[in-house]
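J.: Sequence:
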Amino acid sequence: MWKQWLVALCLVAVAVAGAMVYLNLSEGDAAQASRERPPAAVHTLLPHEERVRDVVNAVGNLKAPDAVGLTTEVSGRVVAIHLEAGARVRQGELLLRLDDRQARADIAEIEARLADARRQLERASRLRSNNSISQSQVDELRTAVDVAHAQRQAAQVSLENHRIRAPFEGVVGLSDVSIGAYITAGTRITTLDSTEQMELNFSVPERFLGHVRQGQEVRGSSPAYPGETFEGELVELGTRVDELSRTLPVRARIDNPEGRLRPGQFMSATLTLQQRQALVIPEQAVLVRGDETFVFVARDGVARRTSVTLGSRKPGLVEVVSGLAPDDPVIVTGQDRLSSGDRIRVLEGDNAIPPNRFDPARES
1 MWKQWLVALC LVAVAVAGAM VYLNLSEGDA AQASRERPPA AVHTLLPHEE RVRDVVNAVG
61 NLKAPDAVGL TTEVSGRVVA IHLEAGARVR QGELLLRLDD RQARADIAEI EARLADARRQ
121 LERASRLRSN NSISQSQVDE LRTAVDVAHA QRQAAQVSLE NHRIRAPFEG VVGLSDVSIG
181 AYITAGTRIT TLDSTEQMEL NFSVPERFLG HVRQGQEVRG SSPAYPGETF EGELVELGTR
241 VDELSRTLPV RARIDNPEGR LRPGQFMSAT LTLQQRQALV IPEQAVLVRG DETFVFVARD
301 GVARRTSVTL GSRKPGLVEV VSGLAPDDPV IVTGQDRLSS GDRIRVLEGD NAIPPNRFDP
361 ARES
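Quick note on full-length UniProt numbering: the sequence shown kicks off at 1 and runs consecutively.
It should be emphasised that the hints constitute simulated quantities derived from the structure, not laboratory data. Note that CB positions come from ideal geometry on N, CA and C, so glycine has one too. Hints may be right or wrong, so weigh each one.
[Said to hold, decoys possible] Between beta-carbon pairs, the in silico distance windows are:
hint, residue 1, residue 2, range
1, L174, V241, 43 to 51 Å
2, F168, K314, 38 to 46 Å
3, R126, T71, 44 to 52 Å
4, P329, E243, 25 to 33 Å
5, Y182, G210, 26 to 34 Å
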């Protein structure tokens, strides 16, 4: 009986030893296979110089440099209208006229009194020369002439108030006034906006105060015109920083020769603080591990991990401030599976970078 047990134990021992030998051989084969792993296939691109901008992005509203609501200064009945919504008018052009017959009659009456006062003053002056009239009477008549002259000027102003004229060149807005309507003083007739240029009001975070100055380039975009850019420049800086938002209000002037931009319109603004020529690489080549930012560079068939310092960004590209030279081929595909020292095989072709998904698409 004990012989059978001894044989069984020997068989178990042999099986265990064989299993251990097999595992050791498998691990050795795997290690050797790992050491002989084929080179990783990658694409590379050389850094290139491009103009980059340090920018501040904000949103704002458009406003006409000159904008008024035209109202009447006197009451009266409308007898003539020269208002067409959206039409451009010249400075001083007549837009609306009220019934001014009474005002013209008042002027005629005052001019008659003025002429009579002047005749009386002339006779009194001749009589005064031979002492036939006192000086006080002459002075009274001269005062009467001055009063009549002032009354005529007031009557002329009243007559002119029956006419609404454009105070500056601009575009006329909507109007609800009709011929024959009786309107009272202070009634809003229409709006008038100068639109050759538009003011874009937005705010800049206070951390950029040391870099903001008049004359800097501003580019605006509007959802109404996808893909289009409207150019202008910074013309005014606010004098106070808002205590709640910690921003400085600023104002840019945007060219609007075709009149497509309108007051009150929403617009995104990009303020260029400075611009320069710099090395850029695709954003997809950059890796971040903790506090380190790095890329892989292909050198002699081997991937080398290189720390870089980045600067400004633009869609799909990033500025490299330090860490790369113009002749360093940067690995742009497969780099997330690499370690420094891994062998690589550089593939040929220009399809390493996918289409830029940040390019604005025109909406239908």
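J.: Each of the hints needs a verdict: does it hold here or not?
T.: Quick rundown of the hints versus the structure:
The hinted window of 43 to 51 Å between L174 and V241 is violated, with their beta carbons roughly 38 Å apart. The hint said 38 to 46 Å for the Cβ distance between F168 and K314, and at roughly 40 Å that hint holds. Remark: the range hint 44 to 52 Å for R126 to T71 is upheld by a beta-carbon distance near 50 Å. A hinted range of 25 to 33 Å for the beta carbons of P329 and E243 is inconsistent with their spacing of about 51 Å.
Against the hinted window of 26 to 34 Å, the Cβ-Cβ separation of Y182 and G210 comes to about 60 Å, which falls outside the hint.
Going down the numbered hints, you'll see the structure goes against 1, 4 and 5, while the others check out.
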